[in-house]
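Peer 1: Protein chains in written order, with numbering that gives the first Met the number 0: chain B, 0 to 414; chain L, 0 to 414.
Rather than coming from a laboratory, the hints here were simulated on the basis of the structure.
What you are looking at is a predicted structure, and each value in this text was computed from that prediction instead of being measured.
Careful, some of the hints might be misleading.
Given that identical chains are not distinguished, each listed pair holds provided it fits within a single copy or across any two copies.
To be verified - Only pairs whose alpha carbons sit at most 25 angstroms apart, straight line, appear in this in silico SDA-like list of lysine to any residue:
| hint | residue 1 | residue 2 |
| --- | --- | --- |
| 1 | 265 | 215 |
| 2 | 299 | 90 |
| 3 | 299 | 52 |
| 4 | 28 | 373 |
| 5 | 266 | 30 |
| 6 | 265 | 169 |
| 7 | 11 | 133 |
| 8 | 28 | 369 |
| 9 | 130 | 364 |
| 10 | 28 | 363 |
| 11 | 28 | 365 |
| 12 | 71 | 29 |
Number of protein chains: 2
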Amino acid sequence: MISAELRRAPEKILLPRGFSFSALAAGIKASGRPDLALVEIADGATAAALFTSNRVVAAPIEVGRAALAATKGRVRAVIVNSGNANCATGRSGIQACERVCREAARILAVPAEEVFPSSTGIIGVRLPHAKICAHLSQLIAARSASEQSVRDFANAIMTTDTRPKIASVRFRAANAASTGASTGDVTLLGIAKGAGMIHPQLATMLVYIFTDAASNRRDLQALLRDACDESLNCMSIDGDTSTNDTVLLLASGASGASIDRRQTRKKFSAALTAVCQSLAEQIISDGEGVDHVIRLHVEKARTRQEALTVARTIAHSALVKTAWAGADPNWGRILAAAGRSGVPIDPARVQIFIGSQRVCRNGAACQFNQQQAHRALAQPVCDVRVELERGRESVQFLTTDLTAEYVRINADYST
Amino acid sequence: MISAELRRAPEKILLPRGFSFSALAAGIKASGRPDLALVEIADGATAAALFTSNRVVAAPIEVGRAALAATKGRVRAVIVNSGNANCATGRSGIQACERVCREAARILAVPAEEVFPSSTGIIGVRLPHAKICAHLSQLIAARSASEQSVRDFANAIMTTDTRPKIASVRFRAANAASTGASTGDVTLLGIAKGAGMIHPQLATMLVYIFTDAASNRRDLQALLRDACDESLNCMSIDGDTSTNDTVLLLASGASGASIDRRQTRKKFSAALTAVCQSLAEQIISDGEGVDHVIRLHVEKARTRQEALTVARTIAHSALVKTAWAGADPNWGRILAAAGRSGVPIDPARVQIFIGSQRVCRNGAACQFNQQQAHRALAQPVCDVRVELERGRESVQFLTTDLTAEYVRINADYST
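Can you build the whole structure from these sequences, using the hints too?
Peer 2: Shown next as structure tokens:
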């Protein structure tokens, strides 16, 4: 269901009510670029969250997860720093994170547990918490509910990203106008960062989604999981799952429309999935060194998990990804990757398509126009379809080529 | 137990008795380089073999496996072509392979099942069996038992390899001189090819090991599996398991020494492991675009399988491999890869060493000399050690960096 063209951050940003944003440069990044960002929700929000499945998790994940448990999903502010992941920093990393939350809570006059922390950047370096704390008053004072402040937030959470990632959607809630406070409109705004170490397993790098819909915590969590399963969980740039992956969905309720109503819930679910898909597409197309995005369709699998396993194995094959970098329609490498996925496929029943052309029939070579397949793969986005003929389940997986530029970005000494 | 320096193909090749070799250019490779090779065993040999675990297997694997079953492991000749993998070629690929075996068998006046076939090269292109058959008489007539013919064989089975891979060992069998035919010396000669699609799971690309020891088939198979488990199964260049992986061990018995004797068996096992390790080292150091070889030690795991899982995840991480390309001591990426391996490690107990230095203590940063770690990684071979503190099992895994040159080699259109 992903749109025909990968969406870029929109010209026009729709603002959900109840949220204000700000950002500044606190000197965490050596480059002097913005590296500290805030979201504040004056009346608080209900939160749903997904975190990395990596056994190695950063300090803010531990602190944030505990805070959400303590407050039963109540969030008053989010503080994000880039330039330092605060991961593999031991006990002192936890303390540094807690200090930042406490200082922000003191200024906002709220409990420390209602401040949700995130960090992204290099692993294994101590978080400069004093620098961050020294800038919090200024950061909080500068907050506003404007398109520019959203752009500033999106810009300040970037690391190797070359552009901010923003998606927003508005829909009319069913019967919403019947309550006094409601205008009947529900808005969702998503902001993300991520360009490398992208292979989310439950969540992806840093994704924040804000809505003015009202919801209980349990429904919000279920809706978030469903939306991510078809978007942020179906993509991979390099197969490396980050230690800091976080998806946070905050519902302020300021629109007066509740997703308890079945019709509104349905529209909200579709809008949430659309925002997550747009952010996934923006992350993938800004992947480190990426020249070509591949929309990989694995079809006719026995189960969705089986389709996902085959898709992930193909998407992580260095040989397949380098062939894509050269727009080489080398389907033998795709077939070989499927063959080592662990799924008991019958090679003689496998069909492979590049663009609109069949390039492999029943596991063997067939006549096709090489130049046409090459041209399809040379596009910024190309569809590759693998049919297993084992059942009716399928998955769509977003992935990328592997270029010399990716190697250059990640091989630089002292990253 | 791998030697301190990666071994290159030796100046002096030791020849096991009973084997003769030849090679020529049959026009399968567009370059006109040698692409057809033969081993003949005048009195036949007992065979042990390991094949790829990929569900997609090439025609010669199917034909060869069936032939070994039919003859109960009797081999009279091996025919290898490079330049074409005869994989994903359907029913006609099987027929093409069988035609080659039948023609060779006719000339040698032996049953077709005693001719063992191998192919390596591009997937999905029909094997030019007529070209091969037209050259078989000349190939068979030219066979000889000489160092030069061994070198010619090793050269003709190469694809993207930049150098031939040969290892040989000789040992004195226990009490061997007591039988009339025996000189008391047992020789093992191994020849391999492989530079990409290297992540053997049971076997690696093409490896042939010849010995003049005598053995029954069952013992030979057990010894081969044990030797490979510690060598060819513990390495990875790009994480892609080939469709054509084959390890074939042929025992002519011409030395008169049998491995039924416990002392001889022990020496033979050590010699076989040494040959496999040397070939593994030669394959890894000739890996596509490889600048740095990493000897990865995963230690203090609960089980060997657990150590292997962590080693494979680290060895396949694009982020870890690109850091190694830049000789960047970025241990955070190694820790993050271990964390997503699926093994329930406790990050707070993980130690990481680069060269002789500890770079991560109890899952967190510790003081170390960055320049020294950089220099260690800049060597052609560097040791990286990861301790899990979960038990007593360990594994040594040979792997490589991921360079822009690897991408260039594999991204070229129409490979």
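Peer 1: Next, verify each hint and record whether it holds.
Peer 2: A quick look at each hint next to the structure:
1. Taking the closest pair of Cα atoms, residue 265 and residue 215 come within 25 angstroms of each other only inside a single copy of the chain (15 angstroms); across copies the shortest separation is 69 angstroms, beyond that limit.
2. Taking CA atoms no more than 25 angstroms apart as the test, residue 299 paired with residue 90 passes between copies only; the shortest distance there is 24 angstroms, against 48 angstroms inside one copy.
3. Proximity of residue 299 to residue 52 under the C-alpha cut-off of 25 angstroms is restricted to the inter-copy arrangement: shortest distance 23 angstroms between copies versus 28 angstroms within a copy.
4. When the C-alpha separation of residue 28 and residue 373 is checked against a cutoff of 25 angstroms, the pair qualifies only between copies, where the shortest distance is 23 angstroms, while the shortest distance within a copy is 41 angstroms.
5. Neither within a single protomer nor between protomers do residue 266 and residue 30 lie at most 25 angstroms apart by alpha-carbon distance, with minima of 42 angstroms and 61 angstroms respectively.
6. Proximity of residue 265 and residue 169 under a CA criterion of 25 angstroms is satisfied intra-copy only: 13 angstroms inside one chain copy versus 75 angstroms between copies.
7. Taking the shortest alpha-carbon separations for residue 11 and residue 133, neither the intra-copy value of 33 angstroms nor the inter-copy value of 70 angstroms comes in at or below 25 angstroms.
8. Taking the shortest alpha-carbon separations for residue 28 and residue 369, only the inter-copy value of 20 angstroms comes in at or below 25 angstroms, while the best intra-copy value is 47 angstroms.
9. Only between protomers do residue 130 and residue 364 lie at most 25 angstroms apart by alpha-carbon distance; the minimum there is 20 angstroms, versus 61 angstroms within a single protomer.
10. With identical chains, the CA atoms of residue 28 and residue 363 are at most 25 angstroms apart between copies only, with a shortest distance of 21 angstroms across copies and 52 angstroms within one.
11. Taking CA atoms no more than 25 angstroms apart as the test, residue 28 paired with residue 365 passes between copies only; the shortest distance there is 21 angstroms, against 53 angstroms inside one copy.
12. Taking CA atoms no more than 25 angstroms apart as the test, residue 71 paired with residue 29 passes in neither setting, with 37 angstroms inside one copy and 68 angstroms between copies.
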